[in-house]
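J.: Chain residues, written in single-letter form:
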Amino acid sequence: MAMLEVRDLCTSFFTPDEAEMPAVVDVSFSLEEGQTLALVGESGCGKTTCALSIMRLLPANGAIVGGQILFNNCDLVTMPEDELREVRWKDISLIFQGAMNAFNPVRTVGDQIAEALRLHMNMEEAIAKKRVVELLELVGIVGSRAAQYPHQYSGGMRQRGMIAMALACMPRILIADEPTTALDVMVQAQILELLERLQKELGLAVILVTHDLGVVAEICQKVVVMYGGKVAEYADVDTIYNSPQHPYTQRLLEAFPDLNRPGDSLASIPGYPPRLSDLPPGCRFEPRCPVAFDRCQVEDPAVHQVAADHWVACHLVEKLALSQEDRRRRAEQTRAGVEGGR
Amino acid sequence: MSQRDYLIRKLAWGLFTVLFVVALNFFLFRIMPGDPAKAGVKDPRLGREQQEALRVRFGLDKPVFLNLEGGNPFDSQFFIYLVNLARGDLGISYKENRPVIDILLDRLWRTVVLVMVAQIVSILLGVGLGLLAAWRRGSSFDVWALAFSLITWSLPTFFLGIIMLILASSRMSLVGLTRTLGIMGGLGAVLVVLWRLPKVLRLADGTLAEKWLRLINTLLTWGGSLVVLYLFVLFVVRGGFPTGGMETAGRTYPSLASYLLDLGKHMVLPTITFGLVLLGEYMIIMRSSVLEILSEDYILTAKAKGLTNWQILRDHALKNAMLPIVTLIALNLGFTVSGAIQLETVFSWPGLGRTIFDALSKLDYPVLQGAFLLLAVSVILANLSADLLYSYLDPRIRNV
Amino acid sequence: MAENDLAVIPRGRDFWTAFRRNKLGIAGAILLGGMILMALLAPLVAPYDPRQTVEVTLEDIYAPPSPEHLLGTDDGGKDVLSSFIYGARISMFVGFTASFIAMGIGGLAGLVAGYYGGRVSNLIMRITDILLVIPDLPLMVVLVALIPRKVTVFGARLEFPVLAIIIAVIGLLGWTSTARLVRSQVLSVKERQFVTRARAVGASNAHIIRHHIFPLVFPLMLANTVLVISTSILSESSLSFLGLGDPTAVTWGEMLHFAFSRGAMSGGFWWALIPPGIGIVIVVFGCTLLGNVLEEILNPRLKAHHLSPAYQPRKRSPATMPGEVKPAPASGGGGE
Numbered sequence: 002m003a004m005l006e007v008r009d010l011c012t013s014f015f016t017p018d019e020a021e022m023p024a025v026v027d028v029s030f031s032l033e034e035g036q037t038l039a040l041v042g043e044s045g046c047g048k049t050t051c052a053l054s055i056m057r058l059l060p061a062n063g064a065i066v067g068g069q070i071l072f073n074n075c076d077l078v079t080m081p082e083d084e085l086r087e088v089r090w091k092d093i094s095l096i097f098q099g100a101m102n103a104f105n106p107v108r109t110v111g112d113q114i115a116e117a118l119r120l121h122m123n124m125e126e127a128i129a130k131k132r133v134v135e136l137l138e139l140v141g142i143v144g145s146r147a148a149q150y151p152h153q154y155s156g157g158m159r160q161r162g163m164i165a166m167a168l169a170c171m172p173r174i175l176i177a178d179e180p181t182t183a184l185d186v187m188v189q190a191q192i193l194e195l196l197e198r199l200q201k202e203l204g205l206a207v208i209l210v211t212h213d214l215g216v217v218a219e220i221c222q223k224v225v226v227m228y229g230g231k232v233a234e235y236a237d238v239d240t241i242y243n244s245p246q247h248p249y250t251q252r253l254l255e256a257f258p259d260l261n262r263p264g265d266s267l268a269s270i271p272g273y274p275p276r277l278s279d280l281p282p283g284c285r286f287e288p289r290c291p292v293a294f295d296r297c298q299v300e301d302p303a304v305h306q307v308a309a310d311h312w313v314a315c316h317l318v319e320k321l322a323l324s325q326e327d328r329r330r331r332a333e334q335t336r337a338g339v340e341g342g343r
Numbered sequence: 000m001s002q003r004d005y006l007i008r009k010l011a012w013g014l015f016t017v018l019f020v021v022a023l024n025f026f027l028f029r030i031m032p033g034d035p036a037k038a039g040v041k042d043p044r045l046g047r048e049q050q051e052a053l054r055v056r057f058g059l060d061k062p063v064f065l066n067l068e069g070g071n072p073f074d075s076q077f078f079i080y081l082v083n084l085a086r087g088d089l090g091i092s093y094k095e096n097r098p099v100i101d102i103l104l105d106r107l108w109r110t111v112v113l114v115m116v117a118q119i120v121s122i123l124l125g126v127g128l129g130l131l132a133a134w135r136r137g138s139s140f141d142v143w144a145l146a147f148s149l150i151t152w153s154l155p156t157f158f159l160g161i162i163m164l165i166l167a168s169s170r171m172s173l174v175g176l177t178r179t180l181g182i183m184g185g186l187g188a189v190l191v192v193l194w195r196l197p198k199v200l201r202l203a204d205g206t207l208a209e210k211w212l213r214l215i216n217t218l219l220t221w222g223g224s225l226v227v228l229y230l231f232v233l234f235v236v237r238g239g240f241p242t243g244g245m246e247t248a249g250r251t252y253p254s255l256a257s258y259l260l261d262l263g264k265h266m267v268l269p270t271i272t273f274g275l276v277l278l279g280e281y282m283i284i285m286r287s288s289v290l291e292i293l294s295e296d297y298i299l300t301a302k303a304k305g306l307t308n309w310q311i312l313r314d315h316a317l318k319n320a321m322l323p324i325v326t327l328i329a330l331n332l333g334f335t336v337s338g339a340i341q342l343e344t345v346f347s348w349p350g351l352g353r354t355i356f357d358a359l360s361k362l363d364y365p366v367l368q369g370a371f372l373l374l375a376v377s378v379i380l381a382n383l384s385a386d387l388l389y390s391y392l393d394p395r396i397r398n399v
Numbered sequence: 330m331a332e333n334d335l336a337v338i339p340r341g342r343d344f345w346t347a348f349r350r351n352k353l354g355i356a357g358a359i360l361l362g363g364m365i366l367m368a369l370l371a372p373l374v375a376p377y378d379p380r381q382t383v384e385v386t387l388e389d390i391y392a393p394p395s396p397e398h399l400l401g402t403d404d405g406g407k408d409v410l411s412s413f414i415y416g417a418r419i420s421m422f423v424g425f426t427a428s429f430i431a432m433g434i435g436g437l438a439g440l441v442a443g444y445y446g447g448r449v450s451n452l453i454m455r456i457t458d459i460l461l462v463i464p465d466l467p468l469m470v471v472l473v474a475l476i477p478r479k480v481t482v483f484g485a486r487l488e489f490p491v492l493a494i495i496i497a498v499i500g501l502l503g504w505t506s507t508a509r510l511v512r513s514q515v516l517s518v519k520e521r522q523f524v525t526r527a528r529a530v531g532a533s534n535a536h537i538i539r540h541h542i543f544p545l546v547f548p549l550m551l552a553n554t555v556l557v558i559s560t561s562i563l564s565e566s567s568l569s570f571l572g573l574g575d576p577t578a579v580t581w582g583e584m585l586h587f588a589f590s591r592g593a594m595s596g597g598f599w600w601a602l603i604p605p606g607i608g609i610v611i612v613v614f615g616c617t618l619l620g621n622v623l624e625e626i627l628n629p630r631l632k633a634h635h636l637s638p639a640y641q642p643r644k645r646s647p648a649t650m651p652g653e654v655k656p657a658p659a660s661g662g663g664g665e
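Protein chains in written order, with the numbering used here: chain Z, 2 to 343; chain X, 0 to 399; chain A, 330 to 665.
I should point out that these hints are in silico values taken from the structure, not numbers from a laboratory. By construction, the Cβ of each residue, glycine as well, lies at the ideal position given by its N, Cα and C atoms.
Estimated spans, in silico, between C-beta atoms of each pair:
id, chain 1, residue 1, chain 2, residue 2, range
1, Z, 272, A, 533, 29 to 39 Å
2, X, 10, A, 399, 54 to 64 Å
3, Z, 278, A, 544, 21 to 31 Å
4, Z, 323, X, 211, 49 to 59 Å
5, X, 308, Z, 16, 20 to 30 Å
6, X, 247, A, 628, 47 to 57 Å
7, X, 387, A, 454, 18 to 28 Å
8, Z, 278, A, 533, 37 to 47 Å
9, A, 456, X, 3, 22 to 32 Å
10, A, 456, Z, 268, 49 to 59 Å
11, A, 397, X, 97, 47 to 57 Å
All chains, please: the whole structure from these sequences, using the hints.
T.: As structure tokens, this is what we get:
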């Protein structure tokens, strides 16, 4: 049993008229110890909502409406709030997109990190102070900066500070929501390097939410490609990059500019991701899919396993896989018949 | 920029504003109403010579800005005014023939006494209730708080004072009061039920009990507010509080305690009036500050850390809300001063505001000029102190 | 930040649907509209004309409410109800006119400051700083008291009615909030791509302001003006109450002034005091409700914050489409 298992998670947002906008539908994946898993997709595909759902930090108009999130055999979805507070930060912690304001501007960085230590580990002042310095140095910030305020840190430093704070209580899982967006390339590299190092040194499991495929290739082992709130493809990183099956994944990879072929024109996927209030009746990718056929317009594909550790939600893939199955079986039968006929 | 630069900039700007107001003051009172001498010396019994003598005495025969008739070019009304100001001489009252500064200082403390208590109480209550309203946004408490603030904001201060006076001077009996309020309460309850009933009747799902509970909740809130209102009106009507002035006329005080008691009784009605108005204002501003703060990312961080709501409010929201509150209190001094004029007029309180009012009707320009200057400058200085205080409280300014 | 977030200002039908949904906004509109209607139809609605001189006997002064005088009479024997109805006219006229002046000045100042920036913006903002810091009622009191009524200009003698001076003073001091609002709006619109595009195409500044910036700024300005109307009415009533108004004009502030200074308090003649005050409260309350609702629609803020109670959905939604086969949990045991 994996450390974290998300099973058929469904999260929706509700308008003031109580109309439901399903943002995450039947998403399933699992995370092992020390593994890094990527949640990849365009803006608005539900990956951040998915990440926030794990810790039940949804905004007030959102709610988990179905599924389970199993962590250590406990379902985080139904856990009472005060128990959940124990899990938060101590077992699973989070760094946000755009950590610009994630720190309270009127308190020192060190104080805010110590707050987590005091809360979950009951540390005394003096020990907490030392631990804060350790944590900052772990992420490459000079320890004396603990007494400074967030506005005195650069953007990259603030992000690293957030990572330090997120690691304060030695969590098993770190959820990183777009940790490198809004940072320049040099700083991006630093942060990624840091995450990789932490993964190796501390055995930290990471869920990386991103739209940047380059980042994914560098440090992740497993990838969940999401589209329109559903899982499009779920496999390990090599499979995704070398033999993607879902048309969306394929287009996504194509759209990524290849530095080795600078002369190529930029490919993009025409159209826009679906609006939650206006979802197409069949497959959500159908309006933009180059290989869609009639079934795609009426039926939303279920996630289908095409190989060990490789799942795809696409009618075409299913059809091809079935016809492959079919051909194999017929070939076997023919062989059997031929042999039987001897 | 460093904190020092910030402070210097603020001080320089404050100084400039003060100078501007000083010049404005002069301009308003010397230039505007034609010949102020005529106003001050309008006594028809005075002959030409005596009028002229008075003009000389008040320095009104000199040129206004610069004296170009040989000798000292600064021997003009403007510079004499500046020099006098620096010496604390604000001129002499036309009517009372006393130095203006003496009159103003005598009245100033009375205004301060009146306004201070109301300010302190409404700040404390307003901050607390505003915080609560923001936290429980959308709840019936929040709605009540908003309604209260909106109503007190729409009431002119002097009108609220008039209402208080009417209540205090009415001789309604306990029975009469209960009856009136009972009728009002009944009508109100009917309105509330009619308002909510359509929602209750829409039996969409089996949560009818829930909707009835909400209706009862609303009624209870309404009923609770009515009880509070009733007790309040009872207090004002039957409390026997004096309806005007600062002291009981013609009374002597054997001890300080008896003076303070009498003073206190006179302060009740105007303080309540002013307190209500200020409370509404503080509550609504605190509420919107806290709402903004609670929508910030760092609150989500705190929640993700596993802090309880109360801990988040206490350790994060409150601290951050203090910053705009400080600015608010200082800014509100301007409002306080305006309110004081109305308040003191209605309650015949012999303070600075009332002085302005009296000087206006008696056309006592030196007093009017001096009072305006004093008010404006004190508000400017208060704002300046708020800016300085803010620079110490906000670490973004304190360290760069 | 999304490119189009400013374009989320609801237009036309969207606006009306949003507005109709908001009960408070409707209440405010009804209150205000009712008062305006009453003011316009005054000659038809009021039982008497308060501007007519009446012969009164001692009994007619401060007479309590009766069938002939539903709200009693005031210190001059005039019907309070009629004065109340007619009072709406000038009270609201002063409020509206002063606000339009303030809106005009503030809008222009904010537009210029926001669009041209630099020193001009600095100067204008400094002026608003000074105006904000000086306490408003004392300044208004002093100005109204001291501005000369009669002025000789180029040999011609001009006489200003008091109301004109009051309107001018309130308008000239009340534009600061509008200016700040407009400036910040213009600043954010200025950075939008369509403005850069327009400039790249060669559109003149005037054209850009008129066709691109102004339409996006104006609705918010209007919402702000409604709020300025309420403060203007409060200012006029305070000034009149303190005796600086026009004694011949029938405004609510004047009614309160006369009643208060002519013994209505000591005599307990509440009918001369309460109605005009209620009039002020109704109009100001209506304006405030309306203005706040308009601002909310045009500049929506989040309805909830991070500590708001979690949403409890009524029933579980069938998020799974019919006919789908639920996949086996993606863990442990390999293929099918």
